[in-house]
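J.: What follows is each chain in one-letter form.
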Amino acid sequence: MCLKSYAVKPGWCVGMNGDTTTNMLLWIIALFTLSFLMQELQIYRIITEVENYLGIIRAARERALLAAKEQVRKYSRSLDPEYVSRKIDKLIEARIIAPTSLDPFGIVKKLKHVLSVSEKTLESEVASLAPAASPHEVQNLVVLLDIARSLNGVYKLLNHYYLVARRFKSLWLLMQLSAAMPFIIEEVRAVEGAVEAFKKSIPIGDSAGPLVAALLMRKYGVQYVVEPVKDTIVAKLAHSNKDIYVIKGRGPGGNTGHYDDAVAWVLQRAKPAVIITVDAALRYEGEASGEVVHGFGVAIGGTGVEKYGIEEIAVKHSIPLYAVLIKMAEVEALSVMTEEVYRGVREGVAVVEELLESLPDGSSAVVVGVGNTVGIPP
Amino acid sequence: MSAGRTPHPKRWVPTYIVLLASLLILSAALALQYLRTGSDSYLVSAAFVAIIAVYTGWSFARLISLKVAPKSLVTLLKCTSCGHEVVRGYREGDTLFTELDQCPKCGSRMVAEGIFLKEEKR
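Chains as they are written, first to last, in UniProt numbering: chain S, 1 to 378; chain B, 1 to 122.
Hints were generated in silico from the structure; no laboratory data involved. All C-beta atoms, glycine included, are put in the ideal place defined by N, C-alpha and C. Some hints could be false.
To give a feel for the contact side, a few chain S residues facing chain B, derived at Cβ under 10 angstroms [claimed, not checked]:
hint: 1; residue: 73
hint: 2; residue: 178
hint: 3; residue: 180
hint: 4; residue: 182
hint: 5; residue: 200
hint: 6; residue: 211
hint: 7; residue: 335
hint: 8; residue: 341
hint: 9; residue: 350
hint: 10; residue: 351
hint: 11; residue: 375
Work the whole structure out from these sequences, hints included.
T.: Pasting the structure below:
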């Protein structure tokens, strides 16, 4: 079929030549193989990347677990260290099963019940492992175990996805894991940062709300302090012409208290003109840490159980809900309090005072310092 | 965060310097060998090592330009009578709202008003 008259043979004609045909075939095979090989190489590269990230998370989990075990052993007196270690290994595997939402009516009460049972059980288990620990030390140990438990949960979940992705050699699953890993690592580092704070019992960024409450109590003095609800104190400030009730977790152990029940207790004794919640709020990238902003509504994170409780009370009694938010990054919220956040706390006290000043004489108000009260005494 | 200090990423600087210097010396030696022998394999090796050296140098430059101020844990003390404030390094056992030191101005008691991480001035 080749045209003999051509001085230079056209490409398709060259292809018919013996050597060149082999070359072309080799090229096609090489390209075909490379397209597969490149994907395999990419999978291998992402697997290595995800494995490295998993290694970091596993190391964080091990460090948190070791810290928790060491702290518990410090207070475990004559208990067998092996027994304590095995018991802690079991405790960090415990799970909280959320109530069914098939019928959502009353789900908040059910969730509150489940959380309350898990909290009490974990606390009594830790107290039995650390008989020499004081109640606030037990609370710090519980938080340390919670940190180890959450890191363990994160590691196991990610490891599961990684193994599934690897088993099926799914590039897309691996890519999703790889894309999410930097953000997860950031959170893991934040959670890990809390270990040091709870070991030393010093305030973390999330303690901004309780610290505002404690500074108010110190500034004005208190008429009385009661603990009507477990781990939650209500202090009536010695304010000259207003009835100000300040609510916070008891402290200095690491707990958050039960604000909704404490607010309900106050409502049985007074009709507050306003409920002010002071809490740490996550800032966006580019915003300054420690900035204080106003808000409307109940500033309480977590499961939403207490937020629901206070909203119910406020709506029932038509009480305005104000919030004072102290901005910080997630890492700052869970690690030892930074200077910027501390300055925000001082500003937060001034903002709450302004809000209280704007109320008419003779009125009453509730200020709730929301957050973990580690290192902040009543 | 042991002893109240966060580990600084610039602790890797000496490692980078040693690695970069080794790569540059190796690359120069290979280039010299190429000039002596004229063998292409030396040239290819020199180029390969030089590429790794450039990558290491680029990572090193990024590390150098990284500005992470070291933070240390401090206790803020406030005098109960004159209100004078003092910031000193955190000591084991420091607790909020407890009397810790004496005021350097009036000699009254000073109470821990805050414990936080402070950026160290350089």
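J.: Look at each hint and say if it fits the structure.
T.: Each hint tested on the structure:
The closest approach between the C-beta of residue 73(S) and any C-beta of chain B is roughly 19 angstroms, which is over the 10 angstroms cut-off, so the hint fails. Given hint, residue 178(S) at the interface with chain B, is violated; its Cβ is 20 angstroms from that chain's nearest Cβ, farther than 10 angstroms. Taking 10 angstroms as the C-beta cut-off, the interface hint given for residue 180(S) is violated, the closest approach to chain B being about 23 angstroms. Restraint check, residue 182(S) versus chain B: the minimum CB separation of about 16 angstroms is more than 10 angstroms; hint violated.
About 8 angstroms separates the beta-carbon of residue 200(S) from the nearest beta-carbon of chain B, less than 10 angstroms, and the hint is met. At about 8 angstroms, the closest approach between the beta carbon of residue 211(S) and any beta carbon in chain B falls short of 10 angstroms, and the interface hint on this residue holds. At about 8 angstroms, the closest approach between the beta carbon of residue 335(S) and any beta carbon in chain B falls short of 10 angstroms, and the interface hint on this residue holds. Because the beta carbon of residue 341(S) sits about 7 angstroms from the nearest beta carbon in chain B, less than 10 angstroms, this interface hint is met.
Contact between residue 350(S) and chain B, as hinted, is not supported at the beta carbon level, the nearest pair being about 15 angstroms apart and thus beyond 10 angstroms. Because the closest C-beta pair between residue 351(S) and chain B is about 17 angstroms apart, greater than 10 angstroms, the hint is violated. Checking residue 375(S) against chain B by beta carbon gives a least distance of about 6 angstroms; that is within 10 angstroms, so the hint holds.
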